[in-house]
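Chains as they are written, first to last, in UniProt numbering: chain A, 1 to 415; chain B, 1 to 375.
Think of the hints as simulated: they come from the structure by calculation, not from any bench.
Among the hints, a few may not be true.
Derived SDA-like pairs: lysine to any residue, alpha-carbon spacing no greater than 25 Å straight-line [claimed, not checked]:
id, chain 1, residue 1, chain 2, residue 2
1, A, K315, B, G51
2, A, K303, B, G51
3, A, K57, A, G76
4, A, K192, A, D232
5, B, K371, A, G216
6, B, K18, B, G51
Just so you have them, the derived chain B footprint on chain A, three or more residues with Cβ under 8 Å [said to hold, decoys possible]:
id, segment
7, 111 to 122
8, 292 to 304
9, 314 to 327
10, 380 to 391
11, 395 to 408
Even glycine gets a Cβ: it sits at the ideal position worked out from N, Cα and C.
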Amino acid sequence: MNFDDTPQEAAFRETARAWVAANAPKDLEAELASSSLGRIRLKHADIVEVGKAWQKKKAEGGWACLHWPREYGGRGATPIERVIWQQEEGVYGKLTQPFQIGEGMCGPTVMAYGSEAHKRRYLPKLASGEEIWCQLFSEPAGGSDVAGLRTRAEQRGDDWIINGQKIWTSGAHYSDYGLLITRTDPNVPKHKGLTMFFLDMKSPGVEVRPIKQANGMQEFNEVYFTDVVIPDSQRLGAVGDGWNVSLTTLMNERMSIGARLATGFPEIFEFCTNLMTDNGLAIDDRATRSKLASWAVKASGLKYTSYRAISALSKGERPGPENSIGKLVAGVMLQDIATYAMDLEGAAGVLTGADEQVTQGQFQQMLLTSPSMRIAGGTDEILRNIIAERVLGLPGDIRVDKDVPFNKVPTRGRS
Amino acid sequence: MNFDFSDDQKQLRDQARKFLAEKCPPKAVRVVLDGQAPYDRALWKGFAEMGFLGVAIPEEYGGAGAGHLELCVIAEEVGRALAPVPFSSTVYLAAEVLMLAGSDAQKQAWLPKIASGEAIGTFALFEGTGNPSPKAIRLDAANGVLNGVKTPVADGAIADLIIVAARTASTGRDSDISLFLVDAKAGGVDAKALTNLDPTRGQAELTFKTCKAEPLGAPGEGWSIITQVLDRAAVLTAFEQVGGSDRALEMGRDYALDRIAFGRPIGSFQAVKHMLADMYVSATLARSNAYYGAWALSTNAPELPEAAASSRISATQAYQHCAKNNIQVHGGMGFTWEFDCHMYYRRANALALGLGSLSYWEDQLIDRMRKRNAA
């Protein structure tokens, strides 16, 4: 048992480290290091612009999507090499945020279901950040129940005509292409009538509207489709097989979103170490110590769980199901930690931003953003279902709409 | 990175699991639970024959000289099977103290007997209510003669070798504490068995009356040795707790698959599924923390104190969580004596206290993290 690289891994790490040292935008290092939660905002630069420059440089150096085959813009790297690269890329990895959906979800789906021509045309530009992709799955009527989606695609000659609405689309406003799941047959049960496409986001009839979120920010969009035309050649998988195609995408979603998880623990530990209360330092208080200790072992438990997965990759094995716990643990932790930090501040904990004097509103921001961490990329409840069913082997839910034609499924709980 | 047990170590774990499945089924545990024997003598003999007792003891002292990673995988199986033998007192505590601080003569005298199963050992630390602290040790050791009472002492009524924490000065410093070695058969110590939460592992009150004792380790070094030994035992116990957590989770899962209510397996209800998923999360965090502890223990890393506290807290939380929710999944049947759920519940809550309770280890962890951050 050890934490050491194999000689090959050490050599690879050395190469990666030297390249990052020679090429990374060091002027952004401190700012990137201090932002730990949610979307990255840079004071004097646009994240998409800076991100594109970094991604292009990486592509030229052979470090973009490095686990992809060379002919599609990658490096043909092994899974463990990808992990080592992520470790060495460090804080600069945050610059790749605009590309993560494309890299983690859209790319693998095109790779699995696209034609050879598609792969050669789209994947290298996706990898190099020249073209950005978004994922158009969630709808107002279908979040956790993705298969309940209603956006229609109707065939007209060699084209498909799209009408409907998507929601929670990150980066739709700066994306060039989108991966779109639609309903092509409402007369069959819901999982059977779906079909996957990709489309040019600048197609006529596509309208992107930002969503103002509960935390006051705007990071996601609604996307409306009015008679949008998609050629049949941009279909991924068979007509009616969209559900299976989407499983490829979503499987990759949970892998990629779990990669860099903020828990809030380093922040609360530092906060309690320095916060003077009427009874002395917060960290000397019994109740506070108990909470800190519980969070500490969750944070270390997640860290060493990921080390176990990395060890499996290093041996050329598939990681076990342990990694599925990450987001479930981290999301609740963020919310609890934020609440506790503000409790320690007392009445002044109500203040936000620069008006909050201890940490300039760090925990208040965490409080307002943390609900999304428990929803995006699979709600806590869906993640528990996945653990229960796929890891523990418990039965799936009884699905009352399973054998019912989609257009006969009730649409409201109370009428 | 190779943050995992080796194939040989995993093989040893499988071997231990098979052995325990055969020799230590729940009905064997119940013989001790029901008070028909103080511990399972045949199983203890089997442990010696399998080499489990001396796996981490050097060959020159009669052991296998394998190491602590090997001991960790055995501990996991001991915990999973609820083995009713004095394994933790003898191996994690008495043998560890001897290996850390014993003279060569003391090691020669006792370690081979531990490895062969001839001697049961224990560590007499506590004196009534409270957590480990030099202040709490009052048992007097003037001129190497012990006078005082230790309680509770795990496996105290069946121990041949007793390591005793005693007071040799009263300056208010840690150096007031020294360790002593007592041969229980030599007289001067009376044992009284006590009733306890988990009857599959006995507890006793030991009364020392002008009891002759040998010093163990340098005088005044007692507290320093105690903290090191508690850290080592915390990691090893964490593996017992991880084994128990996994078994409690499996029992809950199996019952949820078999039990039908409202016309469907109860494992198809989300309320039950989510409870089991949360148990899996706790058990996984505990296992990963315990692996970190195992790494620190086996390499004698400077991180050991922090890793030990993390292992201890995470494993204690996970086992308590899994054991209580296993009963909940079983419903009324889980509250019967006949079902095994309560044996895990008892063991989980007894192990949570034995080396100092959760609040003690939380304090230790935070102190140790602060020290590292300040450095």
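| request: Would you pick out the hints that fail for this structure and give their numbers low to high? | output: 1, 2, 5 and 7
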